[in-house]
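If you want the building blocks of each chain, they are given just below.
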Amino acid sequence: MSQRIPITVRVNGVTYQREVEPRLLLSDFIRHDLGLTGTHVGCEHGVCGACTILFDGQPVRSCLLFAVQADGHNILTIEGLAPDPDHLHPIQEAFHDAHALQCGFCTPGFVMTLKPFLEENPDPSDEEIREAISGNLCRCTGYDHIVDAVHLAADKMKEASS
Amino acid sequence: MRAVGSSIPRFDAQDKVTGQALYPGDIHMPGQLHMKILWPDQVPARITRFDVSKALAAPGVVAVLAADDVPVNEYGLIMPDQEVLVGRVGGLVRSIIDQVALVIAESEEQAEAALDLIEIEYEPLPGVYSIEEALAPEAPLVHPEKGDSNVLLSYRIRLGDVEKAFAEADVIVERTYRTHPQEHAYLQPEAGLGFVRPDGKIEVIVGGQWMHEDREQIAHALALPEDQIVVRYPPIGGAFGGREDMSVQIVLALAAQKTGRPVKIQWSRGESIRGHHKRHAMIARAKWAAAKDGRLLAAEIDVSTDAGAYAYTSTKVLGNLTLACLGPYEIPNVKVDSRTVYTNNIAAGAFRGFGGPQGHFIAEMQMNHLAEALGMDPVELRMKNLWREGSRLATRSVLPPGVTVRETLAACARDAGWEETDAGWQRPRVEDLPAAITPVHRAFSLDAAGGRKARGIGIATSFKNVGFSLGYVDESWATVELHGAGAIERVVVHHAGADVGQGAHTVMRQFAADFIGVPLDKIELIADDTDHTLNSGSSSASRMTFMAGNAIRGAAEEALRLWREEEERPAIATYRYVPRPTTPYDPETGEADPNIAYGYCTQAAEVEVDLDTGHITVLNLWNVTDVGRAVNPAMVRGQIYGAVAQSIGWTLLEDLKYDRGQVLTDRLSTYLVPTVLDTAIHIAPDFLENPDPQGPLGARGMGEMPFIPTAPAIVAAVHDATGIWFDELPLTPERVAMRLKEVGIEDQD
Amino acid sequence: MKPPPFDYYAPDTLDEALALMAQHGYGAKALAGGQSLVPTMNFRLAAPSVLVDLNRIPDLSYIRLAPDGGLLIGAMTRHVQAEKNPKVADKHPLLHATMPNIGHPQIRNRGTLGGSIAHADPAAELPALMRAVQGRIKAQSARGSRWIPADDFFQGFFTTALAEDELITELHLPPLPAGSGWAIEEVARRHGDFALVGAFAILHLDGAGRCDHVRISLFGVGDGPMLATTAMGVLRGEKLDDEAIATAAEAAAQKDVDPPSDVHATASFRRHLVNVLVQRTLTQALARAAGQEVTA
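Chains as they are written, first to last, in this note's numbering: chain A, 197 to 358; chain U, 153 to 901; chain C, 904 to 1199.
Since the hints were made in silico from the structure, they are not lab data. One should not assume that every hint holds.
As the list claims (entries may be wrong) - Simulated crosslink set (DSSO-like; lysine-lysine; CA at most 30 Å straight-line):
1) U:LYS893 / C:LYS1158
2) U:LYS410 / U:LYS353
3) A:LYS354 / C:LYS987
4) A:LYS352 / C:LYS987
5) C:LYS905 / C:LYS987
6) U:LYS444 / U:LYS316
7) C:LYS905 / U:LYS410
8) U:LYS893 / C:LYS1142
9) C:LYS905 / U:LYS206
10) U:LYS444 / U:LYS536
Unchecked claim - Facing chain C, from chain A, some residues (calculated, C-beta under 7 Å):
11) PRO218
12) THR248
13) LEU272
Given the structure is predicted, the values throughout are model-derived calculations rather than measurements. Glycine included, C-beta positions come from ideal geometry on N, C-alpha and C.
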């Protein structure tokens, strides 16, 4: 019988206690054990960025972490981003309004990557935006509407904080 | 406000930005089993030993299924030339796309562990891994049961007398072109769930492009009536043609039937790359002739594509390519010989453009070379020969009305800095260029980084058919229900067209709102289930807006008539839209009325070439597509941006590599999809709206068109920058740098 | 796809970690950022029986000034911390210029400098940087600690001088010689990917304008980071001009490397790129040594 390790993880503000096999990837833990399927898996080795989550506030690939490493840490996934069920986060609003998605499979990874980016860079240039999202693959949009949406989101976030 | 013409957000955007959208891999059922596929590791090969008893006895394993478990062990979209499962003694593995056997267990780990317990031995067979090898005399046959050649299908077009034209021509250009396979790399790998419903029907939840066709193929393999199968499409993570053929559909239904329990499957990226078809590799020899004044006199083309091990849609792609390789030009003398050949590579099939990109690489590269040989501006040369209203195709039929390829070329050329002068079209010259456009023939020099760079500009145009071709009776069904008492309070639209991410379901709602005259929020669309819809055809061939729009219009008009004249409550009408008929190629002459309608697209590219590393940066990409009517302008621009990024990927970056039938690039770290930093720096996603008389509110199809002219436009720009023609894709840094090193760089000034 | 099973330990102190490494020896792997190790485990190309997770050990993440004016960097310092650290920008412009070349933002948020050095990917930037700057790697075990010069540390394809029970705890990057010029250039097929070929150059001129110090370190061209020793010999003691640089670049390409072929590039293209990049980095480094602003 393989080792099972108890962990306590805070995900989207909810504390979960689970026992996990060490080899369980954090992406699989989030998707299968917690049922939060908005975190998507597209490549299993850290290239596509679809599984990006916030780990103590930092965007990271959840397919390159083991669930056991999340013990005691704070995780935010796409499901926890909106302030409440009736309101979207400004980045979500901007992606919605600016047609920054087609099939939408990559969208949660982009949105999670952008949250800390826009908090640190309230007025980013096109170049900074492109660098920030260069670790996320999208096969549908050609990225241009995503870049537009980031500008729109920056405006919305500034508005909200003024 | 009218819905059509408005850039309303996609109706599914809310679910997709919140992570609530459930893709095929996100849907589970209590008590579900997990399935893994045994893939072959030798190709081609004969299976000499096959024993599943140990796997069957492994912990948690519920079933191991192989060839003998499939009631009718064959399938194929165009022809059933592939076995669902090849696992049996004597079974033939033709390609790594073959599925050998299925292991179904209580957990994914158990299923995976049991795969290793299947005892299998192979006898290697001689294979063919390229078009040339497949066509060589005495070549091993991929399908020995199909006769003595690897040629799956060939076409020919004969018009006029090319030999006479060549004898009289002022200029002849003869070149060989090669293009490479492309992987769809949609972000969502194949997944799905199959189960037996309480009513006894087998339901499969999966991503695809044509749910009624999926249902038909599942029913065929399981020897069940179609009404015993239900296919449902949840949100689908991209398709681009790559989900047009079966992947997990049949095996999910089979596993559910055999075990009586829900069965889940999730492919890895590696399985996705080996397990579905690719864009066709192509090799072509083209000889075109022109008069001094630029009039095209003759075109002779011999072109072959690599179909891989199974037909998939190769015959249909070949049909399109056979026409596309002539470009949108009036050519009085034509000789085309085309064929698609079986090899032991992964099967090839539908991919955005469907033969159009390969065909136009031939045609537009020939025009590029001819312009140079004639000393004529490339726009001017094209303008002299482009189709007009009433032009005849090489297949002798008259083009359907709405021929606007010239308009796209003129608009795009102007955007990119061309001018129409008394002496004809003239490419931008350094002194005339607007500031936004980089000097074309700037002398290259050592810059701060020590890199020598050169810039250049190029242009190419194209056409693409809308809808199924060459005699196929295309159809699209829609049902419209009008509910309410006095006024229409609620509208229910049934249409089976798949939304693979392109936004078809948003477009359908926009059409329905305007045809019925109600606000969008009154429209409810049922589109995800074969039990509640009728055949819509595939989300492919740039046809869904055109076909669904016409079908919904027909159903809406009849429902409104019933509502008003018969006062039926609810008023329900079902309508089958059938576009004008097309005809197949005549086997000898190629005579045909091949297509329902066409869309047109021109692009210009400005590139910068690093003359030492060979790296190409696309600085500007100007696109002009005639979309007839932009139902949702933002979504139209989204299709243009997306197509261009994919096409730049195909042209510069993506390079699917094989070694004797094994794919060497089966990860996203080795198969290189462009990031945001690898596409064009600036794309101008412009479009025209010249209505297509057959289109719903004038709309033409447009999803594939902006893929097609990108490659020849970029190659022309690279030639402009370096003086070197590249007749083979992709333009990897290695190919470019080593060729530049070999031949040196012409002094452009 | 799932990694093969392993036992997992997450020690809270370095001593505990070293004890675990000593206890498990071969088969145990240290887990730092995991950005290279976990993919190889996901593909089952690596199957360690024990993982010792270093992420809970405090005090392994820091960037300090070294007595020699260079930097001492804790092994668990994440790439992003070095990328954004003002001390790095100020004291070690070459390290500062190198960081954005490593992977993508998400990778840099998690990946560590020590992990990258220990992994010793022949196409990675940091191992080659360590050789370029003549850095040292501090290896620690329950038996004690030692400093290993970078030139001795990288021993072959994903192979280092670390013993089975040793962990990297600290990196020492000496300062660049005062007045020296430096450069990094790399070519990848796709932005953010591992380089096909990359090059570091550092050079210094004496009062007479002759080269009295030069280091050219290459990555992506062999089974580890490589010095272009022939090319360095061509330049040492010479007045540097375009011709000398071209000669050195040609020597680097023809004599110093025997590059591999793979799905991304052939050996002959890599050789060509060595020539191009050595030329470019030397040209930039020379300009910087002459006090010119260089925008790469």
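*Could you check if THR248 of chain A really has its C-beta closer than 7 Å to a C-beta on chain C?*
This interface hint holds because 6 Å falls under the 7 Å limit.
*Regarding the pair LYS893 of chain U and LYS1142 of chain C, is the alpha-carbon distance no greater than 30 Å?*
The given pair, whose Cα atoms are some 28 Å apart, holds under the 30 Å limit.
*LYS444 of chain U and LYS316 of chain U: Cα distance at most 30 Å?*
holds (16 Å)
_Can you confirm whether the C-alpha distance between LYS893 of chain U and LYS1158 of chain C stays at or below 30 Å?_
holds (20 Å)
*Agreement of LYS905 of chain C and LYS410 of chain U with the hint, judged by alpha carbon distance not exceeding 30 Å*: Within the cut-off at roughly 27 Å; holds.
*Regarding the hint that LEU272 of chain A lies at the interface with chain C, is the smallest CB-CB distance below 7 Å?*
LEU272 of chain A check fails; min Cβ-Cβ to chain C is 14 Å, beyond 7 Å.
*30 Å limit on alpha-carbon distance, applied to hinted pair LYS905 of chain C and LYS987 of chain C*: Violated, at about 34 Å.
*Do the alpha carbons of LYS352 of chain A and LYS987 of chain C lie within 30 Å of each other, as the hint requires?*
At roughly 27 Å apart (the allowed maximum being 30 Å), LYS987 of chain C and LYS352 of chain A satisfy the hint.
*Holds or violated: LYS354 of chain A to LYS987 of chain C, with C-alpha atoms at most 30 Å apart*: holds (24 Å)
*For the hint on PRO218 of chain A, just tell me whether its beta-carbon gets within less than 7 Å of chain C.*
holds (3 Å)
*Quick one, are LYS410 of chain U and LYS353 of chain U close enough, alpha carbons at most 30 Å?*
holds (13 Å)
*asked:* Checking one constraint from the list: CA of LYS444 of chain U to CA of LYS536 of chain U, max 30 Å. Satisfied?
replied: holds (12 Å)
Against the hints set out earlier in the document, violations occur for numbers 5, 13.
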